[in-house]
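Kindly generate the complete structure, drawing on both the sequences and the hints.
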Amino acid sequence: MFSFSVLAQVFVDGIGLSAIYILIALGFTLLFGIMRVVNFAHGAFAMLGGYALYFLYGNAGLPYLVAAPLAALIVATVALVLERFVYRFFYQKMFQSMIGLLGLDMAITYLAVIVWNAEERSVPPSTDALMQMGGLVFPEQKLIIAGIAAVALLGFYLFTHYSRYGLAMRAAAQDVDIAEAQGVNSTAIYRLAFFIAIFMAALAGGFYAQTYALSPFAGQPQLMIAFVVVILGGMGSIPGVALGGLLLGFANSFLGTFYGSATSIFVSFGAVIVLLIVRPWGLLGTREA
Amino acid sequence: MSKPSTIESGALPQGIRPRRLVEQPVRRWLTRPGVLAIIVLVLIALPLVVQDKFILSVGVTTFITAIAAVSLHLIVRTGHVSLGHAAFMGIGAYVSAIATMQLNLPFPLALTLGFLAPAVIALLIGPVVLRLTGKYFVLVTFLFGEIVRTVFVNWQSVTGGSSGISGVPAPSPLFAQPVPFYYLALALAVVIIAFIARLLTSEIGRTIDSIRESEPLARCSGVPVLQTKVAIFMLGCGLAGVAGALQGHFVHYIDPTSFSMDQSLNLVVINVVGGMYTLIGPIVGTLFMVLLPEFLRGYVELQHVFFGIVLVLVMAFFSGGIADIGTLFRRLSHERGARRGNP
Numbered sequence: 001m002f003s004f005s006v007l008a009q010v011f012v013d014g015i016g017l018s019a020i021y022i023l024i025a026l027g028f029t030l031l032f033g034i035m036r037v038v039n040f041a042h043g044a045f046a047m048l049g050g051y052a053l054y055f056l057y058g059n060a061g062l063p064y065l066v067a068a069p070l071a072a073l074i075v076a077t078v079a080l081v082l083e084r085f086v087y088r089f090f091y092q093k094m095f096q097s098m099i100g101l102l103g104l105d106m107a108i109t110y111l112a113v114i115v116w117n118a119e120e121r122s123v124p125p126s127t128d129a130l131m132q133m134g135g136l137v138f139p140e141q142k143l144i145i146a147g148i149a150a151v152a153l154l155g156f157y158l159f160t161h162y163s164r165y166g167l168a169m170r171a172a173a174q175d176v177d178i179a180e181a182q183g184v185n186s187t188a189i190y191r192l193a194f195f196i197a198i199f200m201a202a203l204a205g206g207f208y209a210q211t212y213a214l215s216p217f218a219g220q221p222q223l224m225i226a227f228v229v230v231i232l233g234g235m236g237s238i239p240g241v242a243l244g245g246l247l248l249g250f251a252n253s254f255l256g257t258f259y260g261s262a263t264s265i266f267v268s269f270g271a272v273i274v275l276l277i278v279r280p281w282g283l284l285g286t287r288e289a
Numbered sequence: 001m002s003k004p005s006t007i008e009s010g011a012l013p014q015g016i017r018p019r020r021l022v023e024q025p026v027r028r029w030l031t032r033p034g035v036l037a038i039i040v041l042v043l044i045a046l047p048l049v050v051q052d053k054f055i056l057s058v059g060v061t062t063f064i065t066a067i068a069a070v071s072l073h074l075i076v077r078t079g080h081v082s083l084g085h086a087a088f089m090g091i092g093a094y095v096s097a098i099a100t101m102q103l104n105l106p107f108p109l110a111l112t113l114g115f116l117a118p119a120v121i122a123l124l125i126g127p128v129v130l131r132l133t134g135k136y137f138v139l140v141t142f143l144f145g146e147i148v149r150t151v152f153v154n155w156q157s158v159t160g161g162s163s164g165i166s167g168v169p170a171p172s173p174l175f176a177q178p179v180p181f182y183y184l185a186l187a188l189a190v191v192i193i194a195f196i197a198r199l200l201t202s203e204i205g206r207t208i209d210s211i212r213e214s215e216p217l218a219r220c221s222g223v224p225v226l227q228t229k230v231a232i233f234m235l236g237c238g239l240a241g242v243a244g245a246l247q248g249h250f251v252h253y254i255d256p257t258s259f260s261m262d263q264s265l266n267l268v269v270i271n272v273v274g275g276m277y278t279l280i281g282p283i284v285g286t287l288f289m290v291l292l293p294e295f296l297r298g299y300v301e302l303q304h305v306f307f308g309i310v311l312v313l314v315m316a317f318f319s320g321g322i323a324d325i326g327t328l329f330r331r332l333s334h335e336r337g338a339r340r341g342n343p
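Residue numbers (this note's numbering), protein chains in the order written: chain A, 1 to 289; chain B, 1 to 343.
Keep in mind that the hints are not guaranteed to be accurate.
Below 25 Å or equal to it, Euclidean Cα-Cα: the simulated DMTMM-like pairs (lysine to aspartate or glutamate) are [as the list claims (entries may be wrong)]: (1) A:Lys93 with B:Glu215; (2) B:Lys135 with B:Asp209; (3) B:Lys135 with B:Glu215; (4) A:Lys93 with B:Glu213.
Using C-beta positions, here's what the derived DEER-type ranges look like [as the list claims (entries may be wrong)]: (5) A:Pro221 with B:Gln156: 19 to 25 Å; (6) A:Phe11 with B:Gly222: 53 to 59 Å; (7) B:Leu217 with A:Val6: 38 to 44 Å.
FYI, nobody ran anything at the bench for these hints, they're computed from the structure. A virtual CB, placed ideally from N, CA and C, is assigned to each residue, including glycine.
In structure tokens:
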């Protein structure tokens with residue numbers, strides 16, 4: 001069963017999954033690292049991204065490369081309202097944010113049930129085409145997902161390292177008070193970070209809906225993924241997200257193919273619990289005082 | 001993690017109490033022995049007046065949920081919010097159901113096992129997970145709940161997989177009728193809540209509060225922090241198991257979804273909305289969470305939206321919860337007075 005073609009398949013699946021996982025978890029870790037908010041509503045925004053893609057691409061029939069970013073953009077823009085009226089009260093309050101945002105998650109999920117009912121829908125894949133490479137056959141869709149995710153991640157890296165606002169964001173993450181003393185407008189920076197985080201979550205939610213299925217409850221497994229990836233890598237650490245996402249993506253792809261999805265859940269959650277116990281700050285995180 | 005302090009809600013010992021701007025929260029008069037006795041008497045008298053099966057079953061659900069909620073309250077009081085509490089309910093429910101159905105054990109023994117099994121599991125994982133602080137504890141219990149649910153779904157030979165176990169017998173032929181079962185649930189709820197109330201007002205209760213306020217300080221004062229936390233965690237999880245077992249024998253059916261994340265979340269909502277740092281909180285929260293949905297059956301989704309928004313509001317502005325609502329009103333009127341220039 002460990003033949004070359006199967007392993008290659010597992011590898012491609014792993015890349016596709018890792019791309020989605022990293023996108024989801026990056027926003028989560030960003031919100032945690034900068035605002036000290038544990039965003040329990042992250043999965044709900046990803047779910048909304050799935051619905052946005054469903055309507056823009058599945059129903060309205062926009063070209064895929066327009067629909068996917070546009071869907072995420074719409075969700076992130078609408079979410080700014082929530083930033084003003086909900087999130088702003090939870091910045092720098094880790095404990096309160098956890099429980100309060102669980103409430104937000106609940107409210108969004110069940111509003112989605114009321115608006116779109118609970119039945120499962122499927123978002124059509126971007127392309128049915130298969131790609132032939134030597135003796136191996138891959139669905140092109142996985143590569144498109146990985147490609148868009150890679151562009152988003154690269155854009156994020158360039159933004160945080162070379163743009164004025166990106167640098168201000170990193171400064172605020174290190175120490176808000178000092179950053180403010182240097183003239184960084186923390187309210188604006190928080191809003192910007194929130195927008196980016198939700199944009200990536202919604203983008204990932206669209207891919208997730210294409211890979212699996214879409215329902216108002218699709219947010220919960222995605223929230224779990226964000227947790228696992230972020231804990232693996234270390235809360236607030238951006239390279240940690242990349243590492244955690246790759247580990248989890250490949251582990252899920254490998255274990256899920258050969259041993260079934262239940263085993264894959266057990267192993268990944270079990271590994272995370274063990275890691276939390278011996279090294280709670282994650283593989284690449286920094287130890288808290 | 002910044003732990004909310006209880007000092008403002010009146011946890012200082014007698015004698016050194018400073019002059020408080022806001023005094024006499026609702027729970028002061030709720031905890032008077034006379035008021036409690038009247039409430040219990042009304043609950044005892046209820047089946048004599050109302051024989052309606054629906055009302056009685058709402059009553060039983062309230063009692064079971066109250067047991068589960070106060071068992072979580074115990075753990076919350078040590079400063080840890082568990083998002084996997086329903087998993088322990090589930091363990092209790094499955095153990096008790098399997099004990100009565102497959103091992104033919106009598107109900108009291110099965111219920112005891114339903115208490116012991118989650119407590120033993122809490123003893124095994126407690127010493128490890130209770131070392132974690134704040135957010136990490138929340139995340140681990142969250143994942144633990146999912147693992148337990150996955151076990152329930154996948155261990156088909158024992159748990160019946162996702163279709164669950166149906167035909168869980170009533171405790172005895174007598175308790176198959178609604179009125180006796182009502183009294184059984186009431187008795188268990190009263191005994192357990194009274195026990196927890198006594199525990200929390202005792203030396204141990206003050207130890208628990210000291211651990212929540214500051215672990216290092218408690219340790220320096222000679223409090224065995226980890227042992228106390230593990231013991232309380234065991235007790236809380238065991239009592240959750242009792243609630244789960246009772247629920248199984250009441251509904252005659254258990255399945256993994258009744259003990260999933262949603263149920264854990266409900267228990268947290270009950271504690272937070274009711275008020276996290278007094279025992280009255282989860283009880284008021286239970287009334288709020290069980291009675292409201294039961295009488296608004298048609299709008300299940302809307303209730304969830306409503307509870308979600310309440311949760312956001314409570315956490316953002318008012319961590320005392322409903323049990324402290326009097327304080328909120330006083331604070332508001334005080335602020336208004338201050339703005340007018342006469343504080």
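**Prompt:** Can you name, in rising order, the numbers of the hints this structure does not satisfy?
**Reply:** Violated hint (a single one): 7; every other hint is consistent with the structure.
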